[in-house]
Amino acid sequence: MTTGLLFSKTCARHGLSIFDYMEYPSLIRGGHNTYQVHASTDPVTSQKKSLDVLVALNQNALNFHVDELTDKSLILYDKEDDNIDINKFNLSGKTFDLPMVRLAKESGGSRVMANNVALGASIFFLKLDLKILDQVIADIFASKGDKIIDANHKAALAGYNFAKQKSKSHLTISKGLLKNQLTLTGNEAISLGAIAGGLQFYVAYPMTPSSSILHYLAAVSSKSGFVVKHAEDEVGAVNMALGASFAGTRTMIGTSGGGFAYMTEALGLAGVAELPLVIVEVMRPGPALGMPTWTAQGDLQFVLTASQDEFPRFVLAPGDGQEAFDLTFKALELAEKYQTLVILISDKYLSESRHTIELKKYTFKNKRFGFTNSPKADATNFFPRYLPTNTGISQRSIPGQKGGIHIANSYEHDQYGVGIEEAEVRVEQMDKRNKKFESMKSEIPNQLYTTQNNSKLTFISFGSTKGPIASARKQLTQQGISTNMLHLSWLWPFPTKQVESILTSSPKTLIIEGNSYGQLANLITQETGIKLNNHLRRYDGRPFYSEDITDHVNKIL
Amino acid sequence: MNNKKPITYPKNPTWCPGCGNYGIWGAIKQAAIKSQIPTEKIVITYDVGCSGNMADYNNFYGFHALHGRAIPPATGIKLANHDLTPIVIIGDGGCYGEGGTHFINEMRGNHDITVLVHNNHRYSLTTGQMSPTTKKGTKTKSTPQGSIEEAFNPMAIAVSNHATFIAREFAGDIPSLANRIAQAMTHPGFAVIDILQPCVVFNPEQSYDWYRQNMVKLEDEKHDSTNKEAAWKQAMRTDKLPIGLFYQDKNSVPYHSQVAEIKDKPLVDKPIESVDISKLVKNFQ
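Keeping their order, the protein sequence lines are chains A and G. Under this note's numbering, the residue at position 277 of the first sequence is numbered 326, and the numbers go up by one with no gaps. Under this note's numbering, the residue at position 167 of the second sequence is numbered 231, and the numbers go up by one with no gaps.
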């Protein structure tokens, strides 16, 4: 995994846009692991099916990836380490026997350094700059000391020199023009966005594929001065978070579908007690434990309504690394502004893949919302924390403030938070909370809608399918097929007006989503009354490939 | 039917006449005064049940939690603002049953909160089923042939699992209970008081008199509350119900004091109006 990161960063520091994608089984070690890096001078938004270079660390890698090779591919393999008879494999493209393990050992390293030998050789074959790889190695292993850095350098150099002596370079990747770009995973982008958005408290219980948010935030919390807590379980996590939110901190929690299911009772508590809370739900295939290390968009329907009864919430679905940063930043603000729940859904594909993004600034301003500096209790000795207002949003006091005493109540309550069962107070408070939903609708920005002249088809999608569709549209343009794309990253409140107006003027649509029921299609019908006919669905745990989308479009046009 | 709004704030209790909760309620209010902690800095999280209904009868900052979940919000409140003093009002069902994992694990963290367990050995708000502390063999609505489970031993769990302030008191002795609660509130760490609470309606056998006949005061036994092994022995007793301070770690260091990020000031006071992430992005360049 580190090897892939080294290569991605090396490409990014050549000014290239990158996208990388990992596949691994739910095992601690072993199984078939892959790491694909896609780099280009043009923006890249997804992985590719056909490979330019395949580094096969064993026979399996040749067996499993035979379909991804073309006559332009280069295959690096280690004949002597895994007794490979290359002629047995009927491979397209050019093969090169690279004694990775032997070179690793000869350069003074252990067997794992074979990865670096392959890296060094790849750098030669792609005419990239070895000095940049060396610098990336030095940066990544800075905390491990000079000895480790040196060993990595030597192995890479051995691979580079071996390839140089025996072969010509394979293809030339020109340097790109991108500068100041960041290479990070979706989960890292979510974490950074949260920090920029004033995150003060993050609490979670580990669950793949959300755990790397917990890991990253825990690693940098002391630098940034926020608190990270690994709770005893997801129920503890969400209820701790709500306590902290009640006490005034900007709070976020993260989990996957199973953990989210544990948390559902507390979602209603965030709603009824009007406590700001951001939940990141990184989807994987279900039901129940499903397939932990694979991807899916099957929890959309679940997160839209998960709770007892009704309360207003936001559901946001970033589609790439940039949106992962931007929308998490926004999520913390929205939660505080509307004193309610914001659910941010991602998935394994978005969260664990690496993207290049650019931030225009590194200092972020956060406005605070709803706090009162001098709460005044009325004759009851309570503060009317839940006073009905025109917008439905009331002023908050926090514990520690004199004159602000109230109750955050999981039961229905009056304006002080005191439990009630009177019909008219119940309706007053329900209406108050529902009013917030009307103001929340005004927050929805225009959703991404890109068009081409004489377009034959409009793609419709949400979340992480954005990248593969964008790649497919490029391929289709080259084939002379024009398309439009409507991509939703704000799913609730639903951007009804815009979707309705686009769909009524789109003769042919294709909706693409990672579940078997067509949950986005159903949501669109529910909100607009419009039924969509063409769909492409995938629920085998694998992400969409642009090539498959292109083929499908050719079939239906 | 449309009920009328309450006329007074806080509301008047709806507990049954003779309920042990009245005594505990009085003791909490006395303890709040004795502790000399400003009222607005005391935050009470309430579980669900007869005891949790106290939320509406008090005039403190309150958080009426979900069932079994009153401990995690108290922990969250303390981490968010360690200038506050969280108290948890919870029953034996919520603390030892539904929320047992929070009790066991947040105890280990030595979070600086005071957990008051209203232990009446029954689920009373749901009209008298067995609870985790019901004695084996007891016939209740949900166990008409007698309960099969052994009773939960909260004192032994607390002694063996790193709680730093462990006591048992009696709802019928308000002055002692008030003193103990005030002591627990000022103890820096996880304090648990198992409060023996008569339920005159659904558990009439364990009446006020029954408790008085079966209790023994630890101070009369010359118990050393700094000695964990002695506390363990008292916790494992079956002849009598020991009352008083089982164990206190005088060198207790609470969780929040071990969190570097909030050494200087409470988390809620950390300014976020302007956040600079330039140091963090270096790792991604």
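Because the hints were derived from the structure by calculation, they are not lab data. For glycine and all other residues, C-beta sits at the position ideal for the given N, C-alpha and C. Accuracy of the hints is not assured; some may be wrong.
What the hints assert, rightly or not - Here's a subset of chain G near chain A, in silico, CB distances under 7 Å, partners left out:
1. S99
2. Q100
3. D120
4. Y125
5. N169
6. K334
7. I341
To be verified - Output of the computed footprint for chain G on chain A, the stretches with three or more beta carbons under 8 Å from beta carbons of chain G:
8. 231-237
9. 266-272
10. 364-372
11. 405-414
12. 429-439
13. 444-450
Said to hold, decoys possible - Each computed EDC-like pair below joins lysine to aspartate or glutamate, with the alpha-carbon atoms no more than 16 Å apart:
14. A:K416 with G:D333
15. A:K451 with G:E293
16. A:K272 with G:D340
17. A:K546 with A:E576
| For this structure, which hints from the list above don't hold up? | 1, 2, 10 and 15
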